[in-house]
Amino acid sequence: ETGRLQLGSDSMAVCFAVCGKWNNPLYFKFFQKDITAEERMRLQFLVHSSLDIIEERINVAVKAPYSDLYLAHLLSLEDYKAYGYTCNTRLKLIVVFHLPPPTDPQQAQMNTKNELLYKRVLAGLHDDVVQAIGNPFYTPGTAITSKRFDEKVDAVLCRQ
Amino acid sequence: QPEFFSVRTMAQTKTLIRQGDRAFEKVDKINAELFTMSYGALVTQLLKDSNGDCDAVNQQLDSIGYKIGVRLIDEFIAKSSAPACRNFTDTAEVIAKVGFRMFLGVTATVQGWQEDGRQYSLILDENPLNQFVELPEKYKGLWYSNVLVGVVKGALEQVMFKVDCKFERDALRGDDSTELKVTLQEVLRENMENFD
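Which chain is which? The protein sequence lines are A and B, in order.
Be aware that the first sequence starts at 1, since it is given in the working numbering, and climbs by one per residue.
Be aware that the second sequence starts at 1001, since it is given in the working numbering, and climbs by one per residue.
These are computed hints drawn from the structure, not numbers from a lab.
Glycine is no exception: its CB is placed at the ideal position from the N, C-alpha and C atoms.
Misleading hints may appear alongside valid ones.
Residues from chain A that face chain B, not an exhaustive set, calculated with beta carbons under 8 Å [what the hints assert, rightly or not]:
#1 Tyr80
#2 Gln131
#3 Gly134
#4 Pro136
#5 Thr142
#6 Ser146
#7 Arg148
To list a few chain A residues with every Cβ distance to chain B over 12 Å, as calculated [unchecked claim]:
#8 Asn23
#9 Asp52
#10 Leu77
#11 Pro100
#12 Met110
#13 Gly124
#14 Val130
#15 Ile133
#16 Thr145
#17 Phe149
Below, computed lysine-lysine pairings styled on BS3-like, alpha-carbon distance capped at 27 Å [said to hold, decoys possible]:
#18 B/Lys1014 with B/Lys1181
#19 B/Lys1014 with A/Lys147
#20 A/Lys113 with A/Lys29
#21 A/Lys29 with B/Lys1138
#22 B/Lys1029 with B/Lys1079
#23 A/Lys21 with B/Lys1026
#24 B/Lys1079 with B/Lys1014
#25 B/Lys1138 with A/Lys152
#26 B/Lys1140 with A/Lys152
#27 A/Lys33 with A/Lys152
#28 B/Lys1181 with B/Lys1140
#29 A/Lys119 with A/Lys152
#30 B/Lys1138 with A/Lys147
#31 A/Lys147 with B/Lys1029
#32 B/Lys1067 with B/Lys1162
#33 A/Lys119 with A/Lys147
#34 B/Lys1181 with B/Lys1162
Chain A on its own, in the form it takes in the complex (with noise of 0.2 Å):
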C-alpha cells in the first residue's frame, strides 16, 4: 500500500468506530491510555449522537448515492469532534479527535489543514475494513476481531 498514512503529531485521536448499516457496532477502540468510564461513556454518546448525524445527512444526499460520503465535521461535545465516513453499503467510520479550539491564526491553519487529512485517513481505514471484511472467515454483521486489523488501525491512528 503505497503513502501509508499517518495522523501528524498534532492531532489526537481519541477513539474509532466502525457501525453497520444498522447502526449495529462492529468495531470501537480507545486510544487513550488510562481512560475513566466517565470519558468511555461521554465518547461513546458522541459516537451515538453522531449516527444520527450520519443518518440525517445520507438521507439528504440523494444526489449522490453511489459515491464514498466523506461526511467531514459530524459533532462536537467540548473539545471533542466527530468526523465521519460512509459508503453506499450504509458501513458507517467515525473518528474522535481531541482538538482543543485554536489559540492562534497558526493553529488555525494547521486544523483546516488537517481536515484533509482527515479525509484520507477515513478513507484509508475504509480500504482496512473492506480487507477485514474480504475474509472469508469473518461474519458481516459480527464483530471485527481481526488482529491485523487492529494493527493497522493502531498504526494510522494511535500514536504513542
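Use these hints to put chain B onto chain A, whose structure you have.
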C-alpha cells in the same frame, strides 16, 4: 547427484520462467478477488458442513484438488510450451515456474532436494488464495490451500508419476513461508491389461 542437476537446470530454469510468463499471457484471466473469495467461500462451507473438522476438510480439499489436477494437466500441456518431463526431477521446475505461474499467476521456488532425487519442496512466497484470509485459532489444524496438494498429485499422476504431496508450512498458520513437499512414490507404467 544434487549438484549435477543444479548446473544443468539453472539455464533451463530461466527458459521455464519465460515459458511460464508466456503461458500466463495466453490464458484467460478472471478477477482475482472473485477467485479468492470463491475459494474462501468453498473452504468455509466445507468447514461448516463438517462441523469444523479440519482433518476432514483437508481431505476433501485434497480430493477436490485431485479432480482438478487430472483435468488441468491436459490444459497445461496444450497451452504451455514447456518440454515434456524426462524424469521426476524435471517436474519440479516445470511445476514451479510454468504450472503455478500459468494457473495461479505466481511462481514457486524449488528447494530441499533429497539425496536420492525423489523428494523436493515447492516454496511459495506469495499465495493468491490467501488474499484477505486470517485463519482463526480454532481452525489451526486446517491447511487452507490444500486444494493445491490434490492438484499436484492429480496432474503428476496423469504423466505417470504417482506422488505424495503435502503442506509442510503455511504462512496462514504463522510460518515464515508456505511449503509443499512432493515425494515420488512410484513411476507408473502403462498397464496394457486395462485395455481388454
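(message) Flag every earlier hint the structure violates by its number, smallest first.
(response) Violated: hints 1, 5, 14, 15, 16, 17, 19, 23 and 31.
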